[in-house]
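Each protein sequence line maps, in turn, to chains A and B. Heads up: the first sequence begins at 54 in my numbering, then just goes up one per residue. Heads up: the second sequence begins at 9 in my numbering, then just goes up one per residue.
Think of the hints as simulated: they come from the structure by calculation, not from any bench. Worth double-checking, as some hints may not be accurate.
[What the hints assert, rightly or not] In silico lysine to any residue, SDA-like type, Cα no more than 25 Å apart, as pairs:
| # | chain 1 | residue 1 | chain 2 | residue 2 |
| --- | --- | --- | --- | --- |
| 1 | B | Lys222 | A | Gly175 |
| 2 | B | Lys197 | A | Asp289 |
| 3 | B | Lys163 | A | Leu191 |
| 4 | B | Lys209 | A | Gly166 |
| 5 | B | Lys209 | A | Leu170 |
| 6 | B | Lys209 | A | Ile177 |
| 7 | B | Lys78 | A | Ile79 |
| 8 | B | Lys78 | A | Tyr288 |
| 9 | B | Lys163 | B | Ala220 |
| 10 | B | Lys78 | A | Glu83 |
| 11 | B | Lys266 | B | Thr77 |
| 12 | B | Lys347 | A | Arg173 |
| 13 | B | Lys266 | A | Ile79 |
| 14 | B | Lys154 | B | Ala311 |
| 15 | B | Lys344 | A | Met90 |
| 16 | B | Lys209 | A | Pro285 |
| 17 | B | Lys344 | A | Phe305 |
Since this is a predicted model, take the numbers as computed values, not measurements.
One-letter residues, chain by chain:
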Amino acid sequence: MAALILPAGLLVLLLLVAPMAMLFRISLNEYSPTQLMLEALQPGNYLRALADPYYQGVMGTTMTVALSCTVICLIIGFPAAWWLARMDSKQKSLAVILTVFPLLVGNVVRSAGWMALLGRDGAINATLRGLGIINEPLQLLYTQGAVIVGIVAVVAPYMILTLSAVIEGIPRNLEEAAANLGASPLVAFRRVVLPLAVPGVVAGSVLVFILCMNAYATPVLLGGPQFKMMAPAVYDQFVRGTNWPFGAALAFILLVVTLALTVLGSAVVGRRYKAQ
Amino acid sequence: MTITRRTALGAALAAPLIGRANAQAAPVIVGTWGGDYGELLASNIDVPILRPAGVEVQQDVGPQDPRKTKLIAERQSRRGTMDICCLSDVDMYSMAQQDVFEPITQAQVPNLAHAIPTLKRPYSAPHIYSAKVILYNPAKIPVAPKGYADLWDPKYRGRVGLVDILYLANTEAAALVGGGSETNWGPAKGKLMELRRNDVKLYPSNEALAAALKSEEVWMTIMWLARGFMWKKAGIPVTHAVPEEGATSITFEMSVPKNSRNKEGAMKYLNAALDPRAQAGFADRMGYAPTVTNATLPPELAAQITLNPAQQAKLRTPDYAYTAAHTAEYLDFWNKEFKG
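Can you build the whole structure from these sequences, using the hints too?
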């Protein structure tokens, strides 16, 4: 039976593990402006990235944005997922398609839409000025808020679909039994539905958090030149600065931090769930 | 002869090989920008000059940075994916330092004989060039700026816009204002921080800056003369002033990677690119000046996209070695201090 995972395993080994190993090797090299990089085995790139307040700030911004997006997705996604899970099967397929709809448009195209909406002469500013509410246009584009809104719009469907799959597995009659025993809908949600949906909350949050930590197009297009998250910073080092060793080190730091936070988050939520 | 299943199969398998033997040579793969530039390459070089000579061309369209990355990644492989690589002068120099290009000589590219001597490099052919100037909105700034230093005037607080990706061009201009030169960017740091305190606006792309100039959000910027010419044609309210500090040239160059699979075709391509007929097309539509002395432009067009003799005499060429050695340092400064 174990042989069944062989094809997938080989594919992962070839297309993921091997390039990652190569990237890790590159991260230990030394940068040279004339020869691109010099063969070496030294941790200098990691030490420089970790010690530099600039990259600490970039990592801080990345984590803030990723956490905010995950929490927002959870808050807006849970009711939508519950509604979706408890829906009649007839309209359900339509609702699922509508949920997935934003994913049918590419990230760049979607961001262009947000730019048209949030820009200095965009729809929102034009409307507010037309109504006489403001005289000078508001700075909406090229802000952290714009990035968070843009990313949430991309990742919310992942949260909703993951949660709704888990909520569907919670028998409806448990909610009815709770009501029968005198629980208000809010209490039934808090004491019955939510604890049973924790696996979905964890899975959805992990998925969304990882996607947010690695976001590239949205921060570049909606955050503007002064806003930096890790994925664009990695790209900058590889492509603009042609500093592959430092870029590779940044990429691994991003990977390890994402992994660590994901494991930590799952463990904390999982423990609480067990305690209940 | 009867056609059996086996002979039919054999013929089908052999057909691609026959096709390959019949073709004169593989197409020349040109790694280039898309948009106007790619289109003009096709309509001025590929179709009118090379196709009649039996040379087919295919474009590998993409932005410059990924093209550089591709060159580096393919450096070790015997068979590259590009026969011609188009880059701007500064990037071409830094890639040439990685020893990835064939030397270009007049023996292989006869039209190099007519190229402007200061634009010639041993590793590339100069394709088109322009100069770095000041673009300003004449309705808002009635008196033409004299030099880059005018961008630092406090009365234009919040009205100066710069493009993020042109950090090197902006850094060099700031260095000149601070008394530096193409081999001394040191003064740029202080001057750029001064500009930042003066609420300079930063845009992620040329297009974003164009939109800001059009909506009159900003009134003045540092930009290539050629782009100013195109923007003016597109109805953006700008005109240009040549800085008294001396305009700096930007050349777009073409080179042949060492692992090109069609070097002969590539050299023919370079020669066609320097053909006076091909050069004039870029001037009219993109505002770039010819790099060969035997291409003539209508006087009215020439006045808009070239410098007068006095300005030409002060034209600066970037010091590529200095630029390559200091790019990482100033990119770091730009990202961390200026933008931070």
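Taking the hints in turn, this is what the structure says about them:
Between B:Lys222 and A:Gly175 the CA atoms are separated by roughly 14 Å; this keeps the pair inside 25 Å, and the hint holds. For the suggested pair B:Lys197 and A:Asp289, the alpha carbons sit about 20 Å apart, so the restraint of at most 25 Å is met. Restraint check: the Cα-Cα separation between B:Lys163 and A:Leu191 comes to about 23 Å, which is no more than 25 Å; the hinted pair holds. Restraint check for B:Lys209 and A:Gly166: the C-alpha separation of about 22 Å stays at or below 25 Å, so the hint holds.
Simply put, B:Lys209 and A:Leu170 have alpha-carbon atoms about 20 Å apart, close enough for the 25 Å limit, and the pair holds. Proposed proximity of B:Lys209 and A:Ile177 is supported: the alpha carbons are some 21 Å apart, at most 25 Å. With a CA separation close to 16 Å, the supplied pair B:Lys78 and A:Ile79 stays within the 25 Å bound. About 14 Å separates the Cα atoms of B:Lys78 and A:Tyr288, which keeps this hinted pair within 25 Å; it holds.
For the hint linking B:Lys163 to B:Ala220, the alpha-carbon distance of about 19 Å falls within 25 Å, and the restraint holds. Of the pairs offered as hints, the one joining B:Lys78 and A:Glu83 holds, with about 20 Å between alpha carbons and a cut-off of 25 Å not exceeded. Between B:Lys266 and B:Thr77 the CA atoms are separated by roughly 15 Å; this keeps the pair inside 25 Å, and the hint holds. For the suggested pair B:Lys347 and A:Arg173, the alpha carbons sit about 20 Å apart, so the restraint of at most 25 Å is met.
Taken as a hint, the B:Lys266 and A:Ile79 pair is honoured in the structure, with Cα atoms around 24 Å apart against an allowance of 25 Å. The straight-line distance between the Cα atoms of B:Lys154 and B:Ala311 is roughly 19 Å, inside the 25 Å bound, and the hint therefore holds. The hinted pair formed by B:Lys344 and A:Met90 meets the criterion: a straight-line CA distance of about 23 Å does not exceed 25 Å. Between the alpha carbons of B:Lys209 and A:Pro285 the distance comes to roughly 20 Å, so the proposed pair stays at or under 25 Å and holds.
A threshold of 25 Å between alpha carbons decides the hint, and for B:Lys344 with A:Phe305 the separation of about 21 Å falls inside it, so the pair holds.
The structure fails none of the hints (numbered hints given earlier).
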